[in-house]
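In order, the protein sequence lines correspond to chains A and B. Numbering follows numbering that gives the first Met the number 0, in which position 27 of the first sequence is assigned residue number 26; successive positions increment by one, without gaps. Numbering follows numbering that gives the first Met the number 0, in which position 142 of the second sequence is assigned residue number 141; successive positions increment by one, without gaps.
Honestly, the hints are just simulated from the structure, not real lab data. If you're wondering where the values come from, they're calculated on a predicted model, not measured in any experiment. Hints should not be assumed to be uniformly reliable.
If you only want the chain B side, here are some residues facing chain A, beta carbon under 7 angstroms, derived [unchecked claim]: (1) V19; (2) G136; (3) R171; (4) A215; (5) I218; (6) E219; (7) L222.
Note that CB positions come from ideal geometry on N, CA and C, so glycine has one too.
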Amino acid sequence: MLEGLRTFELANQTEVSKSVKAKTAIHEILTK
Amino acid sequence: MDKIWAFASYNLWSQFAPPVGKEYFHCDMKRGFARARQREPGVAALKDLDNTPQRIGILAQQGVYEFHQNPKLFSRKDAVEQVAEILQLSQESTPVQERVILILTNYQQHPILLGKNIIKLNRGDEGFPKPIILKQGNYLFNFFAAIDCIFAEPDGTIHILDFKTGKSEFDRRQAYLYLLAASYLYPSQPAIASFYNLETGKQSDPLRATADTLQAFKIEMSLIAQRHQKDLKRYRDNPAEFDIIFPPNPGLNCSYCPFHSICQFSSVILEVAA
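Isolated chain B (complex conformation):
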């Protein structure tokens, strides 16, 4: 079979459209930098910068993984220090260390997965998951869903749990896409999906989806995959039209954009050395 280039994922969808109610934060040009110009040295350097929230997310996931690799840790007084050492936390910045220590302490006190029938628990640094090949009409595309944890409920229901850190709100689109993935990975079992914030202890209600709902999300994924391929081709054919293909939306969001220093439309005022 020919290589399938088209793909879709929650991450790509979130770059096309923000969660409901966050539209003012959306910038297509950010997607352009991240997806169409990511190989340019100046862009790659910025894209690869591991910022604090990302580091905390990865280390938190690794921390949970290490606890469950050695469950005896849950009853040890020095468990947090032990896990911190495995994670080589001392090599991280002070803010990252402080927040990850808090997360590990929280998890030892409230181990949400302890006693669960864990089917899969990712360490968080595995890279791209294996794609699920989806076909919508005549269109084939790769669907990526990076799932943090899967466990089985006592009644056999597959439960997909996504760990969060920080203050970001749960985006239910992500949960529905996990359920779409589960419908292919575990086609004969009912599935639910939920979120758990390792820093705040906040947990979402579990979501379920009907076959019609999953079909709607599958169609949306195929549209995202097609639009993305179309945008990439337009850019390859007309690089000078970057800002037309990926229109900017300067504003508050520029402060959080990794590409603001190279974006001519950014509203962030760069400090110039005297």
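Chain A extracted, bound-state conformation:
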């Protein structure tokens, strides 16, 4: 159960991290 929760949190963090990276990349592409 705990392991499952950790996996879920990790997956969420990964998605959030991907979103932030994508936004940063797009901003750089559009402003360069």
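Chain A is already provided as a structure; the job is to place chain B on it using the hints.
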């Protein structure tokens, strides 16, 4: 498969966020009227008003299409009149007629697509394009990209061309989203995207995108789709919170907003009949 309600497109993105440097023009409430309240009679009437820039854009695209349907027109002296008749231009307002005639004249003199290996040229009035189903993580959504024209460069590169009219600047986000679409429609071919203004003759440099860049835009599209669905649900659950879910940004932009007459936050002063 269950129906996929979530969607994203350039149009929706531009309603979430303006082009870089145009932030002061952005109003979330405009998106609220257009996307959450579009079925209300008062809103629908305003939304469906075909304003002059839109009419010019559609007729210009149709004009280009008609030229390429009958390429002999390019060498005819009365070509502009012929195309104008096909477009039933005489039924349009005078400003629309004048500008479309100028566009048709420009195009006959500088036919940017003549001699190109055209794969697809839309007439501009086809309605919604077929969606591309995208999956980001576990999230599925429809991605719409209304492409004006696709042609093949001599080396096989797919070239997506977007026609513009008026004075609006090219928004490179749109080009990158066309390239995202091309990566699904023509996965084995390199692609470039560019803009061409039919009124001014201005052409953009072609844009290319790496796989990483396309992935970034795909992620952004999935976020837009999710945020939009979330906002719609919030509004359905709490219609009284319209101005909280879609906060207004009154200012100069209100003058160009089709919903200013029904927006309680609009800065446009309505004339009252005496």
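Taking the hints in turn, this is what the structure says about them:
For B:V19, the suggested interface contact is upheld, since its CB lies about 5 angstroms from the closest CB of chain A, less than 7 angstroms. The beta carbon of B:G136 is positioned within 7 angstroms of a beta carbon in chain A (closest approach about 6 angstroms), and the interface hint is therefore held. Annotation: B:R171 was flagged as interfacial toward chain A, and the flag holds, the nearest CB pair being 6 angstroms apart, inside 7 angstroms. The beta carbon of B:A215 is positioned within 7 angstroms of a beta carbon in chain A (closest approach about 4 angstroms), and the interface hint is therefore held.
A distance limit of 7 angstroms between C-beta atoms decides the matter here; for B:I218 the minimum to chain A is near 4 angstroms, and the interface restraint holds. Proximity of B:E219 to chain A holds as hinted, the smallest CB-CB distance being about 5 angstroms (cut-off 7 angstroms). Taken as an interface hint, B:L222 checks out: its beta carbon lies about 6 angstroms from the nearest beta carbon of chain A, inside 7 angstroms.
Hint check: no violations occur; every hint is consistent with the structure.
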